[in-house]
Structures are given as C-alpha cells and as structure tokens.
Amino acid sequence: MADNTSHIKHINPKELLGFPGLSQIVRARAGTTVYLAGQSPFNARFELIGGDDFKAQATAALQNVATAVAAAGGSPADVVSSTVYIKGLNGARSGQFFEAAAQALGGQPFPAHAISLIGVAELGAAEQLIEIVSTAVLAQ
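For the sequence shown, full-length UniProt numbering begins at 1 and goes up steadily by one.
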C-alpha cells in the first residue's frame, strides 16, 4: 500500500523532550483506527526470534508490528501510538530499543510516533523480553 499519511501530523513542541524515533504528539484526522494486539518477537510457529539478545528481539517485535499493520491495509507510517512493555527495563534497554527502531525495517527506521516504554517483571513467555501494543490510523 502506498504511504499516504497526510491525515497524520507529528507535533514536537520545543518545550518538550525530542529525539529521533519519538513524536511527542500525533494528531490523526479521519480515517480508520486499527488496534494491534501485542506484538512479540515470535514467528508464526511460536519460535522466538533473537534468543536472549534484547535488540534482536526488539527488532523482531517491530517487524511484527509492521506486518500486522500491513495486514490491516496500512504501513508503519500509519502507526500513531505504541506502548512497549520491556522485561527488566533499564537505560541500556531503552537505548537498545531506539537503536532497533532506527534500523528495524530492512535497515530503515520505524517511523517516529508516540511511544511509552513500560518496565515489567514478566511477559507471556519466560524468554520473551518485549511486547509492543500499537494503534494505527489508516486513511479512508
């Protein structure tokens, strides 16, 4: 699907923290809202991608978000918000998440959007280190 995201505007007030990969505010006009289930670093056969490498797991989870939004008829540029659950969240893992996002789509960055990182003690599978719940707004 062509990337037609004129219905989405990214706003980063100079008074708020700003860095690549993050939009403080995302405004979406009209369109169809799509709610994605938590995407994790597993393939369709429930095989973990990335082993115990957090950055590799983060990359796989972001790629699964891209796959899910594409199945709904959109693209990663249509993702407006994500809540990222990270097992054992710390400064290093935060940095690794944004490093993964900078190259997650075949070496290209996952488009910036509103993102919250939340630390958790456990996720659905013992070896799982990340899960991403996203919302996308598709053009009509």
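One or more of the hints may lead you astray.
[Said to hold, decoys possible] Pairwise CB distance ranges, derived in the manner of DEER restraints:
# : residue 1 : residue 2 : range
1 : Arg-29    : Ala-121   : 34 to 40 Å
2 : Gly-51    : Gly-119   : 16 to 22 Å
3 : Asp-53    : Thr-33    : 16 to 22 Å
4 : Pro-13    : Glu-127   : 36 to 42 Å
5 : Glu-99    : Ala-30    : 31 to 37 Å
The set of hints was computed from the structure by calculation and includes no laboratory data.
Don't be surprised by glycine CBs; every beta carbon is placed ideally from N, CA and C.
Evaluation of the provided hints:
no.: 1; hint: Arg-29 x Ala-121: 34 to 40 Å; in the structure: 39 Å, holds
no.: 2; hint: Gly-51 x Gly-119: 16 to 22 Å; in the structure: 21 Å, holds
no.: 3; hint: Asp-53 x Thr-33: 16 to 22 Å; in the structure: 33 Å, violated
no.: 4; hint: Pro-13 x Glu-127: 36 to 42 Å; in the structure: 39 Å, holds
no.: 5; hint: Glu-99 x Ala-30: 31 to 37 Å; in the structure: 34 Å, holds
The structure shown violates just one earlier hint, number 3.
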